[in-house]
Amino acid sequence: TQLLEQSPQFLSIQEGENLTVYCNSSSVFSSLQWYRQEPGEGPVLLVTVVTGGEVKKLKRLTFQFGDARKDSSLHITAAQPGDTGLYLCAGGKGSGNTPLVFGKGTRLSVIA
Amino acid sequence: GAVVSQHPSRVICKSGTSVKIECRSLDFQATTMFWYRQFPKQSLMLMATSNEGSKATYEQGVEKDKFLINHASLTLSTLTVTSAHPEDSSFYICSARDSGKVFDYGYTFGSGTRLTVV
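Protein chains in written order, with this note's numbering: chain A, 78 to 189; chain B, 40 to 157.
It is worth saying that the hints were derived from the structure and are not from the lab. All clues stand as given, with none of them false.
Heads up, simulated DSSO-like pairs for lysine-lysine below, C-alpha to C-alpha not over 30 Å straight-line:
hint, chain 1, residue 1, chain 2, residue 2
1, A, Lys147, A, Lys181
2, A, Lys181, B, Lys140
3, B, Lys105, A, Lys170
4, A, Lys181, B, Lys103
5, A, Lys181, B, Lys80
6, A, Lys136, A, Lys170
7, A, Lys134, B, Lys80
8, A, Lys170, A, Lys133
9, B, Lys140, A, Lys170
10, A, Lys147, A, Lys136
11, B, Lys94, A, Lys170
12, A, Lys181, B, Lys59
13, B, Lys80, A, Lys170
Between the sequences and the hints, there should be enough to build the whole structure, so can you do that?
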């Protein structure tokens, strides 16, 4: 059972366009993390959101955690070729040492 | 920031042999580490949770006798793929969280190990 539904799975856009990636669940998470992964590398943490309704910005990236802590979104403004990669959302169920639940990922390709 | 070192980054082995992958937390202690497997163009699939000083917890469908996990210290967990077969070829990734930080929810990942069984 996939607890985190991530969409879209694939996205190919032109440089300068905006995009939004969604991560949805019927479950409540204590935290929601977004990672970016390059080919042949491990995921790198972009942001963690823990409060319902929280919005965090990281340069051109805006992350939002839903009020009910069941969903999250990642919005990229004016995408650049360097944004190309696999974006993964992951939900945490506890504050301690519990494994993350990963979405299936969004493979983004930004064409110059 | 927290760093997790994973070695080797790539390994090619013959079918039937065993391969050990190490995962070290360099500047923090981790009572728990996690091992994932990732197939091409897919997301991470949790294989097992490694607990320092006790037995690992395996996910359903993961053979514990094939994927041996040892977490002998607060900074080192190892995954041994025993009697490897070509279908075990995959990208293996470990992750850990600083046990000393209560409100830090971020997990640090190793750089992964590309295993190819020939």
